[in-house]
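Enquirer: From first to last, the protein sequence lines are chains W and C.
According to our numbering, the stretch in the first sequence is residues 64 to 374, in order.
According to our numbering, the stretch in the second sequence is residues 64 to 374, in order.
Each hint should be verified, as a subset may be incorrect.
Not the full set, but computed from the structure, chain W residues with beta-carbon under 8 Å of chain C [as the list claims (entries may be wrong)]:
#1 ASP83
#2 ARG194
#3 MET195
#4 LEU227
#5 VAL229
#6 LEU244
#7 ILE257
#8 ILE273
#9 SER285
#10 LEU299
#11 LEU300
Facing chain W, from chain C, some residues (calculated, C-beta under 7 Å) [as the list claims (entries may be wrong)]:
#12 PRO302
#13 GLU306
#14 SER361
Calculated directly from the structure, the hints in this document are not laboratory data.
All of these numbers come straight from a predicted model, not from anything done at the bench.
Beta carbons: idealized from backbone N, C-alpha and C, even for Gly.
Protein chains: 2
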Amino acid sequence: MKKVTAFAPATVANVSCGFDILGFAIDDLGDKVTVELKEQEGLTVKQIEGDGGKLPLEADKNTCTVAIKAMLDALGIQKGIAVSLEKGLPLGSGMGSSAASAAAALVAANELLGKPFEKNDLVPFAMEAERMACGAAHADNVAPSILGGFVLIRGYDPLDVVKLPVPKGLYCTLIHPHLELKTADSRSVLRQQISLKASTVQSGNIAGLIAGLYESDYGLISRSLKDVIAEPSRALLIPGFYELREAVMEVGALGSGISGSGPTIFILAQGKETALKAGHESKKVFEKIGLEVDVYVSEVNDRGSYISDNQ
Amino acid sequence: MKKVTAFAPATVANVSCGFDILGFAIDDLGDKVTVELKEQEGLTVKQIEGDGGKLPLEADKNTCTVAIKAMLDALGIQKGIAVSLEKGLPLGSGMGSSAASAAAALVAANELLGKPFEKNDLVPFAMEAERMACGAAHADNVAPSILGGFVLIRGYDPLDVVKLPVPKGLYCTLIHPHLELKTADSRSVLRQQISLKASTVQSGNIAGLIAGLYESDYGLISRSLKDVIAEPSRALLIPGFYELREAVMEVGALGSGISGSGPTIFILAQGKETALKAGHESKKVFEKIGLEVDVYVSEVNDRGSYISDNQ
Numbered sequence: 064m065k066k067v068t069a070f071a072p073a074t075v076a077n078v079s080c081g082f083d084i085l086g087f088a089i090d091d092l093g094d095k096v097t098v099e100l101k102e103q104e105g106l107t108v109k110q111i112e113g114d115g116g117k118l119p120l121e122a123d124k125n126t127c128t129v130a131i132k133a134m135l136d137a138l139g140i141q142k143g144i145a146v147s148l149e150k151g152l153p154l155g156s157g158m159g160s161s162a163a164s165a166a167a168a169l170v171a172a173n174e175l176l177g178k179p180f181e182k183n184d185l186v187p188f189a190m191e192a193e194r195m196a197c198g199a200a201h202a203d204n205v206a207p208s209i210l211g212g213f214v215l216i217r218g219y220d221p222l223d224v225v226k227l228p229v230p231k232g233l234y235c236t237l238i239h240p241h242l243e244l245k246t247a248d249s250r251s252v253l254r255q256q257i258s259l260k261a262s263t264v265q266s267g268n269i270a271g272l273i274a275g276l277y278e279s280d281y282g283l284i285s286r287s288l289k290d291v292i293a294e295p296s297r298a299l300l301i302p303g304f305y306e307l308r309e310a311v312m313e314v315g316a317l318g319s320g321i322s323g324s325g326p327t328i329f330i331l332a333q334g335k336e337t338a339l340k341a342g343h344e345s346k347k348v349f350e351k352i353g354l355e356v357d358v359y360v361s362e363v364n365d366r367g368s369y370i371s372d373n374q
Numbered sequence: 064m065k066k067v068t069a070f071a072p073a074t075v076a077n078v079s080c081g082f083d084i085l086g087f088a089i090d091d092l093g094d095k096v097t098v099e100l101k102e103q104e105g106l107t108v109k110q111i112e113g114d115g116g117k118l119p120l121e122a123d124k125n126t127c128t129v130a131i132k133a134m135l136d137a138l139g140i141q142k143g144i145a146v147s148l149e150k151g152l153p154l155g156s157g158m159g160s161s162a163a164s165a166a167a168a169l170v171a172a173n174e175l176l177g178k179p180f181e182k183n184d185l186v187p188f189a190m191e192a193e194r195m196a197c198g199a200a201h202a203d204n205v206a207p208s209i210l211g212g213f214v215l216i217r218g219y220d221p222l223d224v225v226k227l228p229v230p231k232g233l234y235c236t237l238i239h240p241h242l243e244l245k246t247a248d249s250r251s252v253l254r255q256q257i258s259l260k261a262s263t264v265q266s267g268n269i270a271g272l273i274a275g276l277y278e279s280d281y282g283l284i285s286r287s288l289k290d291v292i293a294e295p296s297r298a299l300l301i302p303g304f305y306e307l308r309e310a311v312m313e314v315g316a317l318g319s320g321i322s323g324s325g326p327t328i329f330i331l332a333q334g335k336e337t338a339l340k341a342g343h344e345s346k347k348v349f350e351k352i353g354l355e356v357d358v359y360v361s362e363v364n365d366r367g368s369y370i371s372d373n374q
């Protein structure tokens, strides 16, 4: 029977001043999902690799199958599809792990079914998987994982997804400290009331960041990469956060922030060399405080999810 | 003696979701300032026309001379300069009246002195005039009045002014109801604490608006032109505000909002015809509630202040 494999990249959401509205995709690092038609109707999870046995095999609890189900529902059809998931992303790290699985599953299943949808149209289906996995149908990981590049979620009512340009040579360094941080804790520390002043500063910075991306103005991007709303509370949950920032700015990074709801930290840099240096310096910071980290360096991915095998 | 005249346009600040950070300039409507060298050192206001006798002639209280003084201080020189101001803008209307006077004075004086500064450099001097006139050195009127087009004030520390592109055919209709509204009142109704949710919505909208300007995406501009922070409080001070919005959206406008701190309302539209229709419909709304209005229709001005006479 026909069999399609798709790859979907890791993503950084809550990009600093783009809290809750902006995400971007990473190269190379991500999840692979293979879908194959099967005789019997219904969705099944055939196997999962690389998750340490932590992810559910039940079709109504797995992000891959929940996403595909939303797609089939929209088409008003039933199909027999078996899903195999190869996790390349650590779970609960703030790198958009659940989103990548859903994105890869959708892109693969869409191909399997003869491309009834454009990539853009897949976003709402992936959001259903996020609703199941995280309790909120947010789009700031799934949209960049599917579409690639920087993606703005202007609003949800109705869903308004805007793909933004990626300046050439923009690199991201991800620092994943081996540290458990529950999304619920990251959520609970957020202040629900903020000052008008802080909101205005945040608006200025997100506006500057968007303009910087369009202009490929690295100076403006750097000056704009400041989050005065979520970061001041959340950074306290991540030891070494501010020491890392100081160290990477010293070697020429554009800025740093919490990826998603952490504990992963993203660093943006112009050029691979600076991104590598930033990774090196970050590792030293965490060594000092006795925390192991994984370091990933990648260009910002403008491609998003893609078919990696089609038999 | 040498004599230079400059024109500076009216401006719309607090552009909807761009509260406190975004402004744009209007064509045709504005102030004219003539500066001439005089033998005796010091700045004087020679005459003011069109203000109904309301503006001060004292050099330390007039925005033209205060702005020029800031420029001379930066150059570390003293000069004898006489200023004549021809007001084309109504005072206290929310169209950047004080800003236009300062902008025209600076552009004229800069020319008179042999252009020691680029236009960009004049913004901080005009901000000093705003500090004197309004109590706050805000830049969201003076920067677009000098530079033209849409101008983002990313931040003030340090001052970060970003000129944005203007989509071809973007028109503005200004509705100036004959209604006194004190800036202090407009300020006092603003809530100083806002919800995280509102702040996030505002961020999404300003990000969408900036992207829309770069993409000349009128749909995105329209969907983004929403202010959930200042407008809900301030609109209550302007009778007919929401009726006007309904009427102009019906004839195809992109959006509407309070210009500056009001009472003027701005409407953005694609093409002159829609802008004229919006003006017509607005007039009808205010006629119903018995308020006279002035209506101005103009393309968004990408030119800013300019020398109109140089002898």
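Enquirer: All hints, please: hold or fail.
Expert: Consistency of the hints with the structure:
1. Of the supplied interface hints, the one on ASP83/W holds, with its beta-carbon coming within about 5 Å of a beta-carbon of chain C, less than 8 Å.
2. Interface hint at ARG194/W: violated, since its Cβ lies 18 Å from the closest Cβ of chain C, which is beyond the 8 Å cut-off.
3. Evaluation of the MET195/W hint against chain C yields a violated restraint, the C-beta minimum of about 22 Å exceeding 8 Å.
4. For LEU227/W, the shortest C-beta to C-beta distance to chain C is roughly 6 Å, which falls under 8 Å, so the interface hint holds.
5. For VAL229/W, the interface hint is violated, since its Cβ never comes within 8 Å of a Cβ in chain C; the closest pair sits about 13 Å apart.
6. Interface restraint check: LEU244/W against chain C, minimum CB-CB distance 20 Å, threshold 8 Å, status violated.
7. With a cut of 8 Å, the hint placing ILE257/W at the interface with chain C holds, because the nearest CB-to-CB distance is about 6 Å.
8. Restraint check, ILE273/W versus chain C: the minimum CB separation of about 4 Å is within 8 Å; hint holds.
9. Evaluation of the SER285/W hint against chain C yields a violated restraint, the C-beta minimum of about 11 Å exceeding 8 Å.
10. Taking 8 Å as the C-beta contact cut-off toward chain C, the hint placing LEU299/W at the interface is violated, the least distance being around 17 Å.
11. This hint is violated: LEU300/W has a C-beta 17 Å from the nearest C-beta of chain C, more than the 8 Å allowed.
12. Hint on PRO302/C is violated. Least Cβ distance to chain W is approximately 25 Å, over the 7 Å limit.
13. Against a cut-off of 7 Å between C-beta atoms, the interface hint on GLU306/C is violated, since the closest Cβ of chain W lies about 24 Å away.
14. Look at SER361/C: its Cβ only gets to about 24 Å from chain W, farther than 7 Å, so that hint breaks.
The structure is inconsistent with the numbered hints 2, 3, 5, 6, 9, 10, 11, 12, 13 and 14, although it conforms to all the rest.
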